[in-house]
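Q: Spelled out, the chains give:
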Amino acid sequence: MTTAVLFDKVSRHFGAVRAVDSVDLAIVEGEFFAMLGPSGSGKTTCLRLMAGFEQPTDGHIEIFGETAEGVPPYRRNVNTVFQDYALFPHLSILENVAYGLMVKGVAREERLKAAEAALAMVKLPGYGTRRPGQLSGGQRQRVALARALVNRPRVLLLDEPLGALDLKLREQMQEELKTLQKSLGITFVFVTHDQGEALSMADRIAVFNDGKIQQLGTPEEVYKRPQTRFVADFVGSSNVLSPIFVKRLGYPARYASLRPEALSLGQGTGARKTVTGRLVATNFLGASNRLTIEADEGTRIAAMVPASIAVPEQGSGVTLSFAAEDLHLMDDAA
Amino acid sequence: MSAITDNSILEGRSGTFGRLSDFFWRNPKILLFLMLAPPLLWLGIVYLGALFALLLQSFFSIDEYSGLINYEFTLDTYRQLLIPSNFDIILRTVVMAALVTLASALIAFPIAYYAARYARGKWKALFYLGVMLPLWSSYLVKIYAWKLILAKEGILTWIFAKLHLSWLLDGWLSLPIVGGNSLSISYTGTFIVFVYVWMPFMILPIQAALERVPGNLIEASADLGGHPAQTFRYVLFPLALPGIIAGSIFTFSLTLGDYIIPQIIGSSRLFIGQAVYAQQGTAGNIPLAAAFTVVPIVIMGLYLWMAKKQGAFDAL
Amino acid sequence: MRSDRTTSAPLGLKIAAALGLLFLHLPILLIFLYAFTTEEKSYQFPPPGYTLQWLSVAWNRPDVWQALGLSVRVASIATAIALVLGTLCAAAVSQTRFFGRETISLLVILPIALPGIITGIALRSAFSVAEIPFSFWTIILGHATFCVVVVYNNAVARFRRVSGSLIEASMDLGADGFQTFRHVILPNIGTALLAGGMLAFALSFDEVIVTTFTAGQQQTLPIWMLEELVRPRQRPVTNVVAMFVVLVTLLPILAAYYLTREGDQVAGGGK
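Protein chains in written order, with UniProt numbering: chain X, 1 to 334; chain Y, 1 to 316; chain A, 1 to 271.
Check before you lean on any hint, since a few could be wrong.
With a straight-line cut-off of 27 angstroms between C-alpha atoms, the simulated DSS-like cross-links for lysine-lysine are [said to hold, decoys possible]: (1) Y:Lys124 x A:Lys41; (2) X:Lys224 x X:Lys273; (3) A:Lys41 x Y:Lys162; (4) A:Lys41 x Y:Lys147; (5) Y:Lys147 x Y:Lys162; (6) A:Lys41 x Y:Lys152; (7) A:Lys14 x Y:Lys122; (8) X:Lys123 x X:Lys113.
If you are wondering where the hints come from, they were derived from the structure by calculation, not from laboratory data.
Extracted from the complex, chain X is given alone in its bound form (with noise of 0.2 angstroms):
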């Protein structure tokens, strides 16, 4: 296994913030990594040392092998795919595509030819003609990704490629980008604050908070083991369970991850955990409910359970369930 991208201690610090905080990260080479956390988190200037757009302030970088700090964009065969797509309004698409090859040094008809079939390759042949103004978000977006891929970098970086799409164009795109890196098997770096998206397509994912990886792992990892009561919350919004409510349960006195849809309601059959408390929301979601239940001291559950089964009255007592193994300890100490 080759290391595509590699982080040793890295940081970036804007004044006193601390954008990146020390930074450990090893991205293999052909797999989709995602880089998922909340807006400041990091991830995306960890996307563009990456890119070389910032110089980390500390720690060092290597991009196969190659130390990357102190080298201009221009000179690192790794491509972005920007958020707001950064298309060149005064050039046409095929012009766009063409770019990255012209300003190597690529002749005329060699690079519009590659450029052609990039625009084929994304389903938008014969769109070349056209500027950037005439297309919708998603043929952008789609036109930004050949602009990359024809240069075929050793690494693609995506930041936010999907943010500004409407939902049913984003899950057709997480798809076909999926096939796209599969079949090219390059290495794609993807940005999200999306945990949805991260754990549909990545083959791993980096959880991001305050400048640092909070876990780091495969999206089942991250899912049903999280490290940290941020990632518990972050990723698909855990029960995160205090170490005294968990040590009552019969576990050691640590904080716990519990997924509302491994609770169900009623004893269940078997050595199944319970817990008792009242209900005190019900919200209708399409194929489930998700009931929150009061237990003592305050603590809150949120349950998924299938919207074939009828909801208790509202206030009423309620007994959920869950295996012992689906409850998840994690490391956090506090």
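With the hints as your guide, set chains Y and A onto chain X.
A: Leaving out everything else, chains Y and A in the frame of chain X:
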């Protein structure tokens, strides 16, 4: 393809441009310095230097007998500004600038309001050009046009005569202060030309301020029972005020410093600009001329300071 | 201000706006009428008769041609200097955040914000202190100083629209600083610079207040006109020249408007 490599880091560009580009990328401050140096040197040396030299002169005095400049620090020259004949000039100019500003705002507001709220598409462009063209037309030609209009044998006299209103014009001209032998040598004439030449500078800032007022605010005021006059007084005017103040910076400052309009159209009594011109030219009294120029600088300084407190700069 | 409904303006407002615009335009139109009057000695209205003879009289006046030639040369060079200085300044101010940006904006605007007479007399006394004799170049020195702001304003407005991510995108795709300037920045700010240059030219071509202080014996066209205004000698020739000046300044203003109308608030801000 030749330019596509498997290297993750590409070779440094050869050639001067490539190396220079890398150098500037690594040292953005040097690039910034190189970009800023020429304009700042030019403005700093040519303009600020000259301005500073001028201000310095105002602290010197002139020897009354030899007419030579006495290079010793003194506030005498400033004291001279306060003698009645000089102080009258200052007062006259400031009053004129204030009146011109007021009249400009009155005439400009309907144009700006119409352009901002009602003009659409083609009309909007036409309005814009309708303001821009006179604003950018030759200053001297504009004055010249008014010399033609205000002349005793000119179009205005003719119109008054055709309307059998000559008595009105004569009556006005016989008034003290605002009157005179003919409109072109009266304060009234000076005032009209000042308003004509500087008023366009008032329109665009007001329009810009009004463009930012959402149309539904007017409707909300009407909906809440506001009479149109009340809507104007309590909604529109306060929101347009920053624009009016921004525009008044131009009209006020430009009137304060103008010496050509009152020289060509007006009575023989001087305005600040003329006094400066006369002192530095025929009288050769550079220190007094310099002291005179400090007056509009100070007035504009105060004016800008007040305008800034009102948030007028956002409307510029 | 935006109103979704297309309401019609109150009559009073329409009249006031129309009168205001008429007030702005009628005097200029009058110039055209006077260029063809047969009256030589006064500004009589209505003109007693109309003639085309003054056009040829003015055409054959060497002093007019000389003044025009000087004005064009001064305006061209002053505009070129202003283009370089204004663009550099705008690029520095808008592409980078640094301490003192506000001060620099103020410094650029100052020559036009303060009354022209101050700029003029300041330059004149500086020339006399430095013992620089008046010449073609002293006129240009003054003109370039106040033309910078026009270019600067136009360029800054456009630079703001060339978002930082376009420049990053260009570098990301492998273009170095010079290539980015050549292929991305210049095409995007080009029309704004052209517009700024046109306006700077118009401003310089028309300038009289500063010029009276920085010119020696040489006459630019505005100085020539000023002489005629103060001591009218050749009224019919002045009329023709005035008409010519109106027409000549019209062109760059219209051109500048069409170059920049998409998007940014332009032109007027400068003067």
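Q: Now tell me, hint by hint, if it's right for this structure.
A: Hints and how they fare:
Proposed proximity of Y:Lys124 and A:Lys41 is contradicted: the alpha carbons are some 42 angstroms apart, above 27 angstroms. Pair hint X:Lys224 plus X:Lys273 holds up; C-alpha atoms about 18 angstroms apart against a cutoff of 27 angstroms. For the hint pairing A:Lys41 with Y:Lys162, the CA-to-CA distance comes to about 23 angstroms; that is within 27 angstroms, so the pair holds. Distance restraint check for A:Lys41 and Y:Lys147: the Cα-Cα separation of roughly 14 angstroms lies within the 27 angstroms cut-off, and the hinted pair is therefore satisfied.
Under the criterion of a C-alpha separation no larger than 27 angstroms, the hint pairing Y:Lys147 with Y:Lys162 is consistent with the structure, at around 20 angstroms. Between A:Lys41 and Y:Lys152, the direct Cα distance comes to roughly 13 angstroms. Compliance with the 27 angstroms bound is thereby established for this hinted pair. A hinted pair counts as satisfied when its Cα atoms are at most 27 angstroms apart, and A:Lys14 with Y:Lys122 qualifies at roughly 17 angstroms. A C-alpha spacing of about 15 angstroms is found between X:Lys123 and X:Lys113, which places the hinted pair at or below 27 angstroms, so the restraint holds.
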